[in-house]
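With these hints in hand, go ahead and build the complete structure from the sequences.
Chains A and B supply the protein sequences, listed in that same order.
Residue 504 in our numbering sits at position 115 of the first sequence; the count goes up by one each step and never skips.
Residue 274 in our numbering sits at position 221 of the second sequence; the count goes up by one each step and never skips.
Treat the hints as calculated values from the structure; they're not laboratory data.
Fair warning: there could be bad hints in the mix.
Quick list of the computed label-pair ranges, beta carbon to beta carbon [to be verified]:
1) ASP701/A with PRO334/B: 39 to 49 Å
2) PRO510/A with PRO334/B: 31 to 41 Å
3) ALA280/B with PRO705/A: 54 to 64 Å
4) PRO334/B with PHE562/A: 33 to 43 Å
5) SER244/B with PRO510/A: 34 to 44 Å
6) PRO369/B with PRO510/A: 21 to 31 Å
7) THR284/B with ALA512/A: 46 to 56 Å
8) ALA512/A with SER244/B: 51 to 61 Å
9) ILE368/B with ALA788/A: 40 to 50 Å
10) PRO334/B with GLY405/A: 54 to 64 Å
11) ALA725/A with ASP202/B: 49 to 59 Å
12) PRO369/B with LEU809/A: 33 to 43 Å
13) ALA725/A with ILE368/B: 43 to 53 Å
Source: prediction; values computed, not measured.
Yeah, the Cβ is synthetic: ideal placement off N, Cα and C, and Gly gets one too.
Chain residues, written in single-letter form:
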Amino acid sequence: MSELFAARTQMALSLGFHIVFAAVGMALPLMMLAAERQWLRRGDPDALELAKTWAKVTAVLFAIGAVSGTALSFELGLLWPTFMEFAGPLFGLAFTTEGFAFFIEAIFLGLYLYGWDRLSPRAHWLCGIPVAVSGAASGILVLSANSWMQTPAGFDLTPEGRVVNVDPLRAFFNPAYGLMALHSTLSVYQAVGFAAAGVYAYALLKGRRPARAAYDRRALGIAMALGGVTALLQPISGDLLAKQTARHQPAKLAAMEAQFETARGAPLRIGGWPDEAAGRTDYAIEIPGLLSFLATGDFDGEVKGLADIPRDEWPPVRVTHVAFQVMVGCGVLMAALAVWFGVAWWRDRRAGRDLARRRRLLRALVLAAPLGFVAIEAGWTVTEVGRQPWIVYGVMRTAEGVTPATGVPLTLTLFTLLYLGLALALVVLLRRLSRGEGGRGHTAGGRASAHAGGSRAGV
Amino acid sequence: MPAYEVVALVTLLAVVAYALLGGADFGGGVWDLFASGPRKEAQRRAIGAAMGPVWEANHVWLIFVIVVLFTAFPTAFRAMNVALFWPFHLVLVGIVLRGAAFAFRAHGREAAGVPVDWGRVFGAASVITPVLLGASLGALSSGRVRVTDGVVVQGGETAWLGLFPLAVGFLALAVCAYLAAVYITLETEGSLADDFRRKGLWAWFVGGVLSIGTLLLARSEAPRLWAALTTPPAGLVVVAGVLLAPASALALWRRRFLWARVFAAGQVVLLLAGWAMAQWPFLIYPDLTVADSAAPPATLHAVLWVVPIGMLLLIPSLWYLFAVFKGANPPAARDAARDDERSAGR
Numbered sequence: 390m391s392e393l394f395a396a397r398t399q400m401a402l403s404l405g406f407h408i409v410f411a412a413v414g415m416a417l418p419l420m421m422l423a424a425e426r427q428w429l430r431r432g433d434p435d436a437l438e439l440a441k442t443w444a445k446v447t448a449v450l451f452a453i454g455a456v457s458g459t460a461l462s463f464e465l466g467l468l469w470p471t472f473m474e475f476a477g478p479l480f481g482l483a484f485t486t487e488g489f490a491f492f493i494e495a496i497f498l499g500l501y502l503y504g505w506d507r508l509s510p511r512a513h514w515l516c517g518i519p520v521a522v523s524g525a526a527s528g529i530l531v532l533s534a535n536s537w538m539q540t541p542a543g544f545d546l547t548p549e550g551r552v553v554n555v556d557p558l559r560a561f562f563n564p565a566y567g568l569m570a571l572h573s574t575l576s577v578y579q580a581v582g583f584a585a586a587g588v589y590a591y592a593l594l595k596g597r598r599p600a601r602a603a604y605d606r607r608a609l610g611i612a613m614a615l616g617g618v619t620a621l622l623q624p625i626s627g628d629l630l631a632k633q634t635a636r637h638q639p640a641k642l643a644a645m646e647a648q649f650e651t652a653r654g655a656p657l658r659i660g661g662w663p664d665e666a667a668g669r670t671d672y673a674i675e676i677p678g679l680l681s682f683l684a685t686g687d688f689d690g691e692v693k694g695l696a697d698i699p700r701d702e703w704p705p706v707r708v709t710h711v712a713f714q715v716m717v718g719c720g721v722l723m724a725a726l727a728v729w730f731g732v733a734w735w736r737d738r739r740a741g742r743d744l745a746r747r748r749r750l751l752r753a754l755v756l757a758a759p760l761g762f763v764a765i766e767a768g769w770t771v772t773e774v775g776r777q778p779w780i781v782y783g784v785m786r787t788a789e790g791v792t793p794a795t796g797v798p799l800t801l802t803l804f805t806l807l808y809l810g811l812a813l814a815l816v817v818l819l820r821r822l823s824r825g826e827g828g829r830g831h832t833a834g835g836r837a838s839a840h841a842g843g844s845r846a847g848v
Numbered sequence: 054m055p056a057y058e059v060v061a062l063v064t065l066l067a068v069v070a071y072a073l074l075g076g077a078d079f080g081g082g083v084w085d086l087f088a089s090g091p092r093k094e095a096q097r098r099a100i101g102a103a104m105g106p107v108w109e110a111n112h113v114w115l116i117f118v119i120v121v122l123f124t125a126f127p128t129a130f131r132a133m134n135v136a137l138f139w140p141f142h143l144v145l146v147g148i149v150l151r152g153a154a155f156a157f158r159a160h161g162r163e164a165a166g167v168p169v170d171w172g173r174v175f176g177a178a179s180v181i182t183p184v185l186l187g188a189s190l191g192a193l194s195s196g197r198v199r200v201t202d203g204v205v206v207q208g209g210e211t212a213w214l215g216l217f218p219l220a221v222g223f224l225a226l227a228v229c230a231y232l233a234a235v236y237i238t239l240e241t242e243g244s245l246a247d248d249f250r251r252k253g254l255w256a257w258f259v260g261g262v263l264s265i266g267t268l269l270l271a272r273s274e275a276p277r278l279w280a281a282l283t284t285p286p287a288g289l290v291v292v293a294g295v296l297l298a299p300a301s302a303l304a305l306w307r308r309r310f311l312w313a314r315v316f317a318a319g320q321v322v323l324l325l326a327g328w329a330m331a332q333w334p335f336l337i338y339p340d341l342t343v344a345d346s347a348a349p350p351a352t353l354h355a356v357l358w359v360v361p362i363g364m365l366l367l368i369p370s371l372w373y374l375f376a377v378f379k380g381a382n383p384p385a386a387r388d389a390a391r392d393d394e395r396s397a398g399r
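Okay, structure coming up:
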């Protein structure tokens, strides 16, 4: 295994791992706040218990997110020291501002998690607001660093390769930033909303705890409010982002769509298996003209193909295309489910029926639980693999940024084992938490004592 | 004062904050591992209660230091990441395991029968990590890493594996343990506070021996650092530290726990200030000065705009956090008092 490939794999592993926990740390506090608010307003013990359960899950996952995020900030330098020497002064502002947002999030999460008995209910709820806000802010701020790597700005290069005219603000607000931040922020709320909805849909479907159906329904409602709305907005942000990518990173768009030839009236390919050597895509369903329309707003617009891009500047076409198909597929399914759920909820509400009786809908929600996270990982793969062979698009190649240190295959092995072990331990822990094993814990809601030792925690 | 000096000062202050706060959290892990005597479990609970609400915020200081380093001193950041490739990777394993283990243990207590002893993992990772961080600092101060045109030409992979760096590492560990024990005496009562007082006195003694040893080692292993530490201005700071050390131990001995906390923290501030003065103007001695490795002025100015604005949000928030959990009747003391009642009732 080459050092470069090992370094790319270790970075991918670390980011792919962190992204899940970062997403939960951004979105779950919002749901926890919504639940606590319902308790404050209506004194509903189910809502309080829900808030506490979600707080506990947030606590564990945020901790993993925090430490794996620390690992990332080191790994940027450990694996890509030359890149960081170049990029640090240019995109460092994104990380510095994110650092403060993360500080605020950690502080108020500490107050929220440990402050149930030390703060008034109102003060406690208010402490949750900075958690949700700065959680979102830290994700939005740090995305500027990623978008800078796609559309670098805020500096000039002299012919000898020296960096001059540094402007950190222009680097921060680089061209791709706004839409990328919107797209990724929506994706985390969508993913966490659908994942939680799947968990509670499962509980309702199993019906093993009829006394808690109201609790599960409330949880499902909050989760789908978040997941459903974002699932409907996401295609719009995705469309805008694709149009922008066509302008800024034509090679990436061509790889996403497996478009080998530059063409007017280019077709949209659904599915398919690109063959880089032969320069064609097999087994795809083609919708004539649609790619041109989506990329340029004109069915006859020109879409640049890979053939017009130097061969050594192609991203890995197959990975990019397939990941893009996976992301879009998940997104379409979730948007459809959001509509189905919305209509069902509205009709049941008018008719006074119980949503929990719609077993097909619940089953679909259970199956859809992982889709949001699959879409996040796939979409992130599109962004980063589609940027290759550049680490800074058009400016620095990934191979130029890598560490000269030998031994990356070893650290890759070390981190693979570490993250595998953690993931395994986490699954065991969350399963046990969800079954409420052990029967202890400080759930203060009225339900806790009524169901001593039974199925208590609601995850 | 040029902008890079101000940013360097900000970085130093963040390192001090991390040592005082994050360092004590590592120390908490050390005492978790070495919990002993009849009140073993009560000691662990007190540590968990003291750390729980604050450790994540304390940890962010390290992230802040790293981020400011790569934003403002990119050349030095590149070189240290190449030279310290291994210790930094191991630090990461330590940080990830410690945080995960603490969270699993704290919030997963209901999950009965978890097959891994997370307490042990938490303790062991808390011991190893500060040693590695200290050794990294020692390597960068003693001329074991040589850099030409930003490229590490000597000391890659093994720079931290020397007598002096490892001595600094173990000194860092002793300091963390001392801070934790001293802090926690204020958050516990009765016999439990006495347990930590005893642990603190031990850590003070070991730390004292290690700091004398490290200083003497510097004479041969890091002669420039030694020379700077033994002449003003860094020398004056060292003298102040030497005067403060017995004061903090005496306060701990006489159960003046608040004074012990103030003096112990003061010692750490002096230790790091003395090191920084002796190290000045180098980030990586002897090839990279602060000025050489500084980012373009526009970036430094941006950092100097962002930091005060961020601090305006951060400092009141931190104050509130510590006021709620470290003010009167902190949770650790409450739990301990409950334990004492329980054992008295038995």
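Going through the hints against the structure:
1. Remark: the range hint 39 to 49 Å for ASP701/A to PRO334/B is upheld by a beta-carbon distance near 43 Å.
2. Our hint of 31 to 41 Å for PRO510/A and PRO334/B is violated, since their Cβ atoms are close to 54 Å apart.
3. The supplied range of 54 to 64 Å is met by ALA280/B and PRO705/A, whose beta-carbon atoms lie about 55 Å from each other.
4. Between PRO334/B and PHE562/A the C-beta distance comes to about 34 Å, which sits within the given range of 33 to 43 Å.
5. Between SER244/B and PRO510/A the Cβ separation comes to about 36 Å, which falls inside the hinted range of 34 to 44 Å.
6. About 22 Å separates the C-beta atoms of PRO369/B and PRO510/A, a value consistent with the hinted range of 21 to 31 Å.
7. In this structure the hint that THR284/B and ALA512/A lie 46 to 56 Å apart at CB holds, the actual value being about 53 Å.
8. Taking the beta carbon of each, ALA512/A and SER244/B are about 34 Å apart, not inside 51 to 61 Å as hinted.
9. Checked against the hint of 40 to 50 Å, the pair ILE368/B and ALA788/A passes, with Cβ atoms roughly 43 Å apart.
10. The beta-carbon spacing between PRO334/B and GLY405/A, approximately 41 Å, falls outside the hinted interval of 54 to 64 Å.
11. At roughly 57 Å, the beta-carbon separation of ALA725/A and ASP202/B lies within the given 49 to 59 Å, and the hint holds.
12. In this structure the supplied range 33 to 43 Å holds for PRO369/B paired with LEU809/A, their Cβ-Cβ distance being about 41 Å.
13. At about 48 Å, the beta-carbon gap between ALA725/A and ILE368/B stays in the expected band of 43 to 53 Å.
Checked against the numbered hints listed earlier, the structure breaks hints 2, 8 and 10; every other hint is satisfied.
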